[in-house]
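Spelled out, the chains give:
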Amino acid sequence: MKKIISKIAIILLILLITDRVIAWFFSKTVFSHTLSGESGGSVNYLIQQKKNTAFLIMGSSRAKHHINPSLLTNVYGGNGFNAGINGTGGLIYNSLLLQLLISKNVVPKMVILQVDAYPYFTLEEENIIPEISALYPFIGDSKALNDYIHAHAGFAERIKLLLHTYRFNGKLLNILYNYTKRNTIKNNQGFEGLTGILDTVGLQPIADLNRKHTYSRIKMDALVSIAKTCKENNIRLAVVYPPAYRNMLYLQPGYEMISSLLQKNGVTEIYDFANIDPLPELQSEILWKDATHMNNDGATIFSAMLNNDIRAANAVK
Amino acid sequence: MLFNSIVFLVFFCIFFPLFYFLNGKNRKILLFIASCIFYMWFIPVYVLILFLTILIDYYAAKKIEDDISQKAKKAHLLFGIINTCLVLFIFKYHNFFIDNFNAAGFHQIDNWEIILPIGLSFHTFQSLSYVIEVYRGNIKAERDLLTYSNFVMMFPQLVAGPIERANNLLPQLKKCDHTITYQDFSVGFHRFFWGLFKKVMVADIASIYVDATYNNYQHQPGCMLLVGTFLFAIQIYCDFSGYSDMAIGIARMMGFRFKENFRIPYFSKDITEFWRRWHISLSSWLRDYLYISFGGSRYGKLKTYRNLMFTMLLGGFWHGASWNFIIWGGINGLYLSFEKAINLPAFKPKYFIMKFIRVIYVFCLISFSWIFFRAISFEQATTIIKKIFTQFNAGSFQFLDINVFSSIILGISILLAAEYFVFRKYSFDELFQRKKGDWVLSAFTLAFIFLILFFGNSTGSQFIYFQF
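Going down the list, the protein sequences come from chains A and B. Start counting the first sequence at 72; every next residue gets the next number (the working numbering). Start counting the second sequence at 47; every next residue gets the next number (the working numbering).
In case anyone wonders, no lab produced these hints; they're calculated from the structure. Misleading hints may appear alongside valid ones.
Short, incomplete list of chain B residues facing chain A, as computed with Cβ under 10 Å [unchecked claim]: (1) Tyr66; (2) Asn69; (3) Ile226; (4) Gly502.
Since this is a predicted model, take the numbers as computed values, not measurements. Note that the Cβ used here is the ideal one computed from N, Cα and C, for glycine as well.
Whole structure, please, built from the sequences with the hints as guidance.
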């Protein structure tokens, strides 16, 4: 038994020391110089080179590919950054990202938050790991992030996070790839237009209006937290409900619920594009890459529409 | 409780020191309690089903040995087989037969809404082999219920095998006072992490691409479905052999030796060889209790092909209550019969290039059969095949997520290198016994841990074979 215990102890010791050394070295020499990509690089870029950004677009892939900040000329002259992220850009991620950015003195004047009623709001399971793991590389930089992970991530995740290299789990190749192209980044506004045209054969609506949706408590809390953070930091918060081709993701009860929650928390600036029936400009399939993402042409039209709506709202204000 | 979960790590860290220091009966009791906890972690009440099959076969085997007349022995053998199979039928196959009965247009019967007890097919086959071996006089019936319970329930092999034979495992469990040597622990420890690497770094990552293509097969071109199919072949191998490595590794840490379940099957040069290297504990079970019982190859060529087909069809049906699994078994039966007809295994390739072509031939044929295994319906499987052959459209290939795809390539490269250069030649024990072998293995284990930390899928997904 003595030999077994000493073997485990030696392996654990080597594991811990090597882990700390690799994680520290990687973080200092590679990650902190990575200024693009969805594994923390674009967040680094925002923190290091976009401190004076006037407005921030936040949300999922449908924010990232739909809203071009340079076309929002009615919002601080288009001086904004699109911090949308593919796949995991839900409310928990955005709530934590906002707190991280503020702690790093990136305080925009306005946040344009894209919120989907479906599927980001209606997932029945409350597995928050995919959302928060995108920010694991910044655990050491943000107390709010650290506290949130310890409160919500669960025992297994806390154990895994004892090893610092785990912060880069699933991100290493992406970081290395983006690290090698760090010098090619000049003035990037985060927006990425998509190419391609939707093939409409066999399209079926994804959102089921008849289904009784359960709304995730933890995601509603995150939305409230974003509203609260904006209020505390004097940031104007505007919420955008994005369109989907043939209303594939349109979930009216969901949007009503979100609107009422936002209004309860003092957020009234809502731009609702979720139902595209009255919006013929967005109905042609040549504007869509797939049923839930517009291509660059669609994004240009959508950004212009949003810009006009914001101008109208500014006039009212 | 999954081997690749933190809960299991905590469980084993508590269990192992106790198991190490206890001896004899106390050790057996501890193993029994730990196995109950392990099994009850899934659906607690299902442990009663396990107890039921244990009691049936414990009683049947005892009676077979005690009976004097051959007729009575046979009656008790049938009692054991029928009742054990009945449990399997009720929980696993009942709804399949109801569905087919309803589809045939007879009286409409409602399905049962029951969840399949985890690992049911594995432990029922293990129990059945025990009763049959007692009947054949190859082993003595186990008189100690606790020892027999541990034989069926022992947690490393409880939910997805390997399907252990009584002549290997029962003697090890009987006294349960063996000393756990440093080599046992070390070899088991390293083997566990090798299995974890295969599961978390290869199978779970490959599954992201496989799921993305198969779950959306109507909109995918043939080229992506083909890549998805090849990746599923890798996924299922790493998922199941990874599980087996972990199970064998855990048992070895406890001083038990399980039989090998996989011997690098994708390096096989014909399908016959593949089935000697793939899920060995099941294929040898099917060979010993079905193929040979049907007559094997003793009654001419046609009957040999028939026996091969029956065995493989039943093997397919063992995997799941669906026509897709039966077709999968049937395809493999056809492959084996065809190879037997042309006597392919007798033609041993001499040169590397010929060996390589044969390995690719086996991989492609086996991958083709996996389409039926992975697809959730016959319609899905046939659509995928049709698309691969008629709408290949190589120009529309997409990596989907370059980060994931690169990780898949990295994982498969490490797997191939390790299997070709190391595990094709040496066992873990042989590696351990080499000069500084333990340190080299430790260095590799550490490297695997870091690869898992950097690239592994951290969501702790279930093992594919748990559903069987």
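Outcome of the hint check:
{"no.": "1", "hint": "Tyr66", "verdict": "holds, 6 Å"}
{"no.": "2", "hint": "Asn69", "verdict": "violated, 13 Å"}
{"no.": "3", "hint": "Ile226", "verdict": "holds, 8 Å"}
{"no.": "4", "hint": "Gly502", "verdict": "holds, 7 Å"}
Checked against the numbered hints given earlier, this structure breaks only hint 2.
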